[in-house]
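*Asks:* All chains should be modelled from the sequences, with the hints used to inform the complete structure.
Protein sequences, first through last, are from chains C and F.
Mapped onto the numbering used here, the consecutive letters of the first sequence carry residue numbers 1 to 183.
Mapped onto the numbering used here, the consecutive letters of the second sequence carry residue numbers 1001 to 1183.
In short, the hints are calculated from the structure, not lab data.
Computed from a prediction, not measured in an experiment: that's the story for all the values here.
You can trust all of the hints, since none of them are fake.
The following label-pair restraints were derived from C-beta to C-beta distances:
#1 C:Arg17 - F:Asp1049: 22 to 32 Å
#2 F:Arg1078 - C:Arg17: 16 to 26 Å
#3 F:Glu1065 - C:Gln99: 20 to 30 Å
#4 C:Lys110 - F:Arg1078: 48 to 58 Å
#5 C:Ala111 - F:Asp1049: 52 to 62 Å
#6 C:Ala180 - F:Thr1163: 11 to 21 Å
#7 F:Pro1124 - C:Arg47: 44 to 54 Å
Covered, in the sense of this in silico footprint (three residues per stretch, anywhere, with C-beta under 8 Å from a C-beta of chain F), are these stretches of chain C:
#8 12-20
#9 50-64
#10 168-174
These stretches of chain C come out as covered by chain F in the derived footprint (C-beta under 8 Å, 3 or more residues):
#11 67-78
#12 143-152
Ideal Cβ placement from N, Cα and C applies to all residues, glycine included.
2 protein chains.
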Amino acid sequence: MTSAMADFDLPDAMRLRLPTRPVVGNSEFRAAMSAIGSSVHVVTARRGDERIGRTVTSLMSLAAEPPTLLVSIDIMSRLADLIAKTGGFSVAALADNQQAIADAFAGRVKAHERFNLGEWSAWPSGHPMLLGTAAAMDCEVIGSIETGTHVLFAGAIVDAETTTSRTPLIWQRHGYRQLADTE
Amino acid sequence: MTSAMADFDLPDAMRLRLPTRPVVGNSEFRAAMSAIGSSVHVVTARRGDERIGRTVTSLMSLAAEPPTLLVSIDIMSRLADLIAKTGGFSVAALADNQQAIADAFAGRVKAHERFNLGEWSAWPSGHPMLLGTAAAMDCEVIGSIETGTHVLFAGAIVDAETTTSRTPLIWQRHGYRQLADTE
Chain C
1 MTSAMADFDL PDAMRLRLPT RPVVGNSEFR AAMSAIGSSV HVVTARRGDE
51 RIGRTVTSLM SLAAEPPTLL VSIDIMSRLA DLIAKTGGFS VAALADNQQA
101 IADAFAGRVK AHERFNLGEW SAWPSGHPML LGTAAAMDCE VIGSIETGTH
151 VLFAGAIVDA ETTTSRTPLI WQRHGYRQLA DTE
Chain F
1001 MTSAMADFDL PDAMRLRLPT RPVVGNSEFR AAMSAIGSSV HVVTARRGDE
1051 RIGRTVTSLM SLAAEPPTLL VSIDIMSRLA DLIAKTGGFS VAALADNQQA
1101 IADAFAGRVK AHERFNLGEW SAWPSGHPML LGTAAAMDCE VIGSIETGTH
1151 VLFAGAIVDA ETTTSRTPLI WQRHGYRQLA DTE
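*Replies:* Listed below in structure tokens is the structure:
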């Protein structure tokens, strides 16, 4: 990642110690994580003619001032590379009728064909903007941390579109779920 | 936090830069974040006779090896202090019939009365274990990062209980939501 970060500040690092106690097995970990419900997002970036995106659920609010979110991206991925190079990324919080887009960006469709699904525009920054989402945000990277396998990018939100007419797509127990209607 | 961290390694820090572009206003930020659906968790810790807990939605999977999650806790809170002092915490991923517990630990009930709600046991570590959840985990802190307003704790999962008979409580658009039944 060193050369990829050259256009930008070097990331911080979180030094993870080895646990002193035995940890749970992989199937127990997966079972516990799958019990948790999370919104499904597509994180995207663009540099020149290259657009890339990936389906993620590891995204959370980090701070209100400045408005900042945190997203975890595979450190070996081209997406992490492009985010580091451009210093920005965009987020599409998928609506519950956008499962096909979630599947495509999770790997079911080849990287260069993924943007054929759904209707895409662009933020003023040039990063991709998906239409028809529950919410969409354009972010400027204001900090990053490498954890060994992932990079955590802190993104200040420079543009946002939110609708209240669509409900978010949820991932839980290894499948897509919808929110129940509220009474 | 310096003395609180004395029993333990010093946390890493994420240097957040100021954004170079204007960011969205607080109401736009809140609207975008509220469109996202998140599981509702109660994060707890215990030291001696003191038990403390807080409702959080900022929690995500960090790594599979070792199985690790990441949770964001207000840096000024007694909970962050206790987690740093003990080097551990526990997580209850609330089931959708545990809204009263979510409300209590979000601040509706005074700190010392919160554990009167729900049925509580303890993990072998001594950290509180809530029964009747969608999933419950006990974590050993293997890394931490201060971001200014929050501490991100990386917790390796040393114990976990998961049920498939309960669905998680979701927070979205400023209210509790349930997952729709799958067909």
